[in-house]
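Q: Protein chains in written order, with my numbering: chain H, 106 to 364; chain V, 21 to 443; chain A, -10 to 263.
Derived from the structure by calculation, the hints contain no laboratory data.
Take the hints with a grain of salt, since some may be wrong.
To be verified - Computed list of lysine-lysine pairs in BS3-like fashion (alpha-carbon distance at most 27 Å, straight line):
#: 1; chain 1: V; residue 1: Lys268; chain 2: V; residue 2: Lys320
#: 2; chain 1: H; residue 1: Lys173; chain 2: V; residue 2: Lys320
#: 3; chain 1: H; residue 1: Lys163; chain 2: V; residue 2: Lys62
#: 4; chain 1: V; residue 1: Lys320; chain 2: H; residue 2: Lys330
#: 5; chain 1: H; residue 1: Lys239; chain 2: V; residue 2: Lys62
Owing to the predicted nature of the structure, the values given are computational and were not obtained by experimental measurement.
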Amino acid sequence: MISERKPAKICRYGMAVDIDKCTGCGACMIACAVENNVPPGNPDATDLTGITWLRVFKVDNGEEYPRKESVYFPMMCQQCGVETPCYLVCPQQAVDVDPATGIVFQMPERCLGCRYCMAACPYHSRYFNWWDPKWPAGMEKTLNPDVAPRMRGVVEKCNYCHGRWHAARQRAAEAGETEISPGDYVPACVEACPAGAIQFGDLNDPTSAPAIAAKDPESFRLLVKLGTDPKVYYHSKREWARRIGDPSQAPSPKEPSRG
Amino acid sequence: MDRRFIPAGVSRCSTAKFLLWLAPWAALLAFGLYSAGLCLVKGLNQTHMNNRFAFGLWIFLDLTVIALGAGAFFTGFLLYILKRKELRAVINSAVVIGLMCYGGAMAVLGVDVGQPLRAWFTFWYPNVHSMLTEVTFCISCYLTVLLIEYVPIVLKNRKLRQIPHFLVFQHELHKLVYVFAGVGTFLSFFHQGSLGGLYGVLRGRPFAFREELGIWPTTFFLFILSAAAVGPSFILLTTWLVQKISGKRLVRPQVLQSLGRISGLLLAAYVLLKTLDTLVWLNRTTPRSGFLPAQYYAWKPFGVWILAVEMALFLVPMVILLTPKLRARAGWLVSSAAMACCGVAVNRFVLTIQTLALPTLSFDRFLQYLPSWQETGTFLAVLAAAVLVYSISFRYFELFPEERELRREPSGRPETAPAMAGK
Amino acid sequence: MLPWNYGFHWTLGTAIFMGAFYTVLVVVVTTLISATLRSRRALRSGAAEDMLWRSDLFDLPARDRACRHELTGEVGQRECTNGFDCRTCDTHQTFLDRRPPAEPGDKSYEGFGMTFPLDRMYHRGHTWVRRERDGSVTIGLDDFGRRLLGRPDSLQMPRKGQRLRLHGPAWLVRKRNLDLRVVSPVAGVVLDTDGPDGEWYLKVRPEQPDLRHLLEGFEVQPWVAREMERLHAALLAAGAPPDLVDGRTDVSLLATSCPPACWEAACSTMFLRP
């Protein structure tokens, strides 16, 4: 279902991630979980059944010591702009692509939990609630009142902290503006990163970090040949790291990558 | 004790023996229902599926069982639309098998989704671009059609038939059976195809992604063809199995051979098209997605051997079933039917499990998955329910119209002209 | 799903998809309603009995439903598809055009130790029908049926004035564990009843004089021969030991020497009431 609003200004929000700067500290992952009311993992959860809308991977160049190099690779929903796989396959239209922002957002209230979107997503950025969410006593005080928690049996994923976008529009409306100012809407991971490795902005605005990264020859995107037009641009000065996005050329992993 | 409910002219074992046969299946069903109940009450964490293996044993079994159940619509199509009269001998059995296959698949789907009570959302907010919407609609409609086709079989029971309302309704319904056969064929064409389309449209999974013919990926047509090819084989297999277990002759051997021949012909068409499709997929589609075909088979345990096994399981039965001399021998006929059914299972396995196991991102690893006992239990519930319903139908309803005739031919040859002509 | 749902947009895909779905739904529902309405009509017009008769006949193997013209050798192999009601069968008329109809005569046909007087007509359920001068008919059990059943333990005859339906139950026989309904060869009103002690069972005023569906004359001999075969096959299929059955043509002996369960099953088949 395409939203019925007629947007005044069309934004295409994207991200620019400098993987040379990322230290793998994981502050972004924590900030994301706190902002979006992601429940703490069930005691039986494994690394494949937990929920991490944003997840930092460690990727190696496949060489042995002393030529071994690693990068830390934050992965979130790539907000595919063209032929969005999850949007096309959801049988209930529980996925909506917002024309005003280009954000692909999930409606957990309509989700049936069939997980077809999870099979369709090549970036594995969708997560299923295998358990009922439970917060230990006292922790419910940390819940964000602007974001609805999800129930067991539905799929959820990164939506560029859409609640913050709504809050920014509210502030703009109160200030009498018609559009939000660029710095006013920033997702939690971007705000939390101590190294400033993740940048956020409107790809339609040529001065934003993602728009600049898009033109940078040292930038790359993941799995471009699939034709999904992801909006996350990764940047690295290292040539081997730039090949991470092309699966036919990537270094073959000799040890399993840890998330 | 229940003699009066057993059809005339056939013999069935004693009630006690029948209950003895049903008992272990009922126990298995109870265990299976418990497993399914656990998954419904405690959540899908009872399975070994995870965020990478979003689909597991259940989806694989759903696809396989629906492909095998295609015998119901295809036999109906051949009998009522193409007028292949000899298939009247197996149509009732095919309808029951189809009903259990589709009913079981729907039941398992109800457990597989995270929020089963929201199942009606697909009908209320359908996404016409999604293959899964098409599958849901078609399978729901088709299950209804199968139920309607099952009703006359039930109402023709010797005792139930005595009730005039049942008798007349069943008679009138049967006069219109060709409408249901036509609707069933139409619906089956689309849902068998969309089940293939489910994976063929996944551009995010180059292992499954295929070129499009019109608006549908090639797997759409390949699934229809493989289901139509294997449906008759499965009917053949089950009929032979029922004959073995019950110790009775239920159909003339020519019927089974006819089913085998139809299967063989369609298998030939399928093998040809699948070979073509595989070549295009490996040489054109995959490199265009930025992957290398060798990557698909570089991970243990799924090497190239699995592709070879899949093709062999279709090629060998095709050759056997198209050779009249081999087809006439029950051993060859039945084993090639079984091979074809296994081939379809491997094909569905490859498209579900192997697709999800293969990494898409360059730094991902190959994943492994084994179903939990709750998942296995739920599947076994479907099997047990199918056997129970089929056994009851076999005992009280006329699933094999030729059985009565065959009882009168102890030598297995058709009756010769009367030796005496009055004295 | 429906055009007035929030977020519904008319696109080509939506139109085709919804069109197909609703068409299928309409077709299925219409067919069900049609079947229900036709059933109601059939019930009200009393067609249920005839349907039951044909349905029961269909339970018999194809050979048991052989057309009378197959019995006489006029045609190779032909199954009766009209419930033995030759009056409404087009093919029967075609055959009659080709050869003169069988006529009753004064003689009898003697075969297999039984007597079949040819002054009367025979129904394939082993009843005979004789036209009387006043337009009524007399109905009895033929020699085959009599010998096969033996002396009934009890009988339930219809009342005088009771209406009999063609191929409905004429009278009920109880012997040992068997409850048998003898098929009525005509439709009509019962005028008088007798029993196994007399020569006949019923006197009936038929609803219509057309009795073409009954066998007579030269048709009787091949029919009796086929009935012998049917009896053998039925007894063997019911599990009677072959040495008791094979080669024997004395119906009374077969009836008494075979195990009771086999005899019961064979009777049901022979009297066309499976």
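Q: Each hint should be assessed against the structure and marked as holding or not.
A: Structure-based check of each hint:
1. A C-alpha spacing of about 46 Å is found between V:Lys268 and V:Lys320, which places the hinted pair above 27 Å, so the restraint is violated.
2. For the hint linking H:Lys173 to V:Lys320, the alpha-carbon distance of about 25 Å falls within 27 Å, and the restraint holds.
3. Between the alpha carbons of H:Lys163 and V:Lys62 the distance comes to roughly 34 Å, so the proposed pair goes past 27 Å and is violated.
4. For a cut-off of 27 Å, the pair hint linking V:Lys320 to H:Lys330 stands: about 26 Å separates their Cα positions.
5. For the proposed pair H:Lys239 and V:Lys62, the alpha carbon gap of about 14 Å is at most 27 Å, so the pair holds.
In this structure, the hints that do not hold are numbers 1, 3, in rising order.
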